[in-house]
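Respectively, the protein sequence lines represent chains C and F.
Under our numbering, the residue at position 262 of the first sequence is numbered 262, and the numbers go up by one with no gaps.
Under our numbering, the residue at position 218 of the second sequence is numbered 218, and the numbers go up by one with no gaps.
If you're looking for bench data, these hints aren't it; they were derived computationally from the structure.
Where chains are identical, the list cannot tell them apart; a pair therefore holds if satisfied intra-copy or between any two copies.
30 angstroms max Cα-Cα, derived BS3-like pairs, lysine-lysine:
1. 238 - 273
2. 190 - 259
3. 229 - 275
4. 259 - 146
5. 279 - 11
6. 84 - 259
7. 146 - 229
8. 11 - 259
9. 146 - 238
10. 275 - 238
11. 190 - 275
Number of protein chains: 2
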Amino acid sequence: MLGGIEAGGTKCVVAVADDDLSIIAQATIPTTAPVETFASILSFFEQAQNDHGSGLTAIGVASFGPVGVDPASSSYGEILETPKLAWRGVSYQDRLSHFGVPVVVDTDVNGAALAEQIFAATEVSDTLAYVTVGTGIGVGVVQAGKLLSGFSHFEMGHILPRRAEGDTFEGLCPSHDDCLEGLASGPAIKARWGQSLSDLSADHPAHDIEADYLAQLVHSITLMHAPHKIVLGGGVMKAEGLIERIRAKAERYLAGYMKHAALDTGLQNYITKPKLGDKSGIIGALALARASDAGE
Amino acid sequence: MLGGIEAGGTKCVVAVADDDLSIIAQATIPTTAPVETFASILSFFEQAQNDHGSGLTAIGVASFGPVGVDPASSSYGEILETPKLAWRGVSYQDRLSHFGVPVVVDTDVNGAALAEQIFAATEVSDTLAYVTVGTGIGVGVVQAGKLLSGFSHFEMGHILPRRAEGDTFEGLCPSHDDCLEGLASGPAIKARWGQSLSDLSADHPAHDIEADYLAQLVHSITLMHAPHKIVLGGGVMKAEGLIERIRAKAERYLAGYMKHAALDTGLQNYITKPKLGDKSGIIGALALARASDAGE
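So here's chain C without its partners, still in its complex pose (with noise of 0.2 angstroms):
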């Protein structure tokens, strides 16, 4: 039996799996302290345990960052510096020691591109980005089903995007003002605008503000990861007709410069929305973990 975390800056989801990744059982715990959240994780896997008379055999982790996801790294599976204090230096290995299983931790992105990858239909040769819009900017690359990343995992959320015509925001990351992320996402939505964009009326300009600036990343990942196919995920995504505003304004970035089928016209299969939907994380960590299992 599969174990999954996804663990986010609010809540964690934590769920038991098939090795098919159907899920068992499946609980939602708050991100507190973490002596006491990982106290309910520990109760919640032993309680499943003793429930369906099987023991765990890896456990997964897709976790907010950042995080150590190098295995080669003595600071693989910890969290590193996070604005979270009380989560700095916090070990996964080691707080899910109890179990005697492997403990595989990326970040929470990486694991729903792996779950996209595995339920989005694409040859498993292929390349495949997954986004999340949402507090953050994250992007996650798969490739033959393995997790890219170099010295640490990617920080895409962070390029530096050509200011979207009329924005004057002076945007919000505390390292690079109006990074992509301090421009579009969640919290620089609402910054600028006092609402969530789903909020906002179909003509106000932030959806076109902000459909450029994701064009804009979508025109960066082709260029610099050719994937066959980008999933835009997160909160923000979930705003009435910006897929199709990202799609129209990606078209125009990219020029048609690159050609392959992958970039169909419209890129209706090229840039889609996650197939799992808000299940992709927790989907991932199970994934996450199936794939230790195998020994991959």
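Given chain C's structure and the hints, the job is docking chain F onto it.
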């Protein structure tokens, strides 16, 4: 004996080498009509086989692009929509089939990336990005000895940088006008100031403008690939002081957001010039041949 071809828009460098990539014989052949160019390439390799009493075991090609780099695709090894019309549709596999050995084809910049990783004394598991700034701007990324690609080789030269202060040049990319290549390639510098960067005095604003654009590329590559090292090569990089200016500006763009030993203070070890100088391309072609030879 390994065969290598570095195929450029104006000339092809051909070489044969031992398995340790040390070059036995080398020649330069003008890139004219394909039939003529390949006749010269074939006769170079035949002569080399005779001279050294040893047959070719594989041929690596590091080619100008766009070129098919996916071995699973029917266009593998084929030159795609290049402005050099006579070369469109030319297949390296077909033209070199005479030797009956594997022909491995990748882009010139990918070849150089591979060669630099082999000789740059980084860990083989590390990620290295190689950037060429010349007639065009291209980037190749090697990870754990393998070149990365998605549905195509990458096209990072076409990202959209923010305008450097004081730069009003319209850009000359036929697809994107003022993308990075349209603003910062060798031809863009000549079109804007009538001279190459190396010929402009050290206090000319061109140096800071160029460094700004290339620092933005470094910033994007860092966020999107997190490489352990970025090597900057190509003709434009020969301008004195340019790499120092890029390091200083890249450090400002990065703003300390990503933390890793690879990002050393001053970025002296992170941003470097090619170890192999102008030989990266041909040694990369030979390294491509060697990778095939080893059944990798």
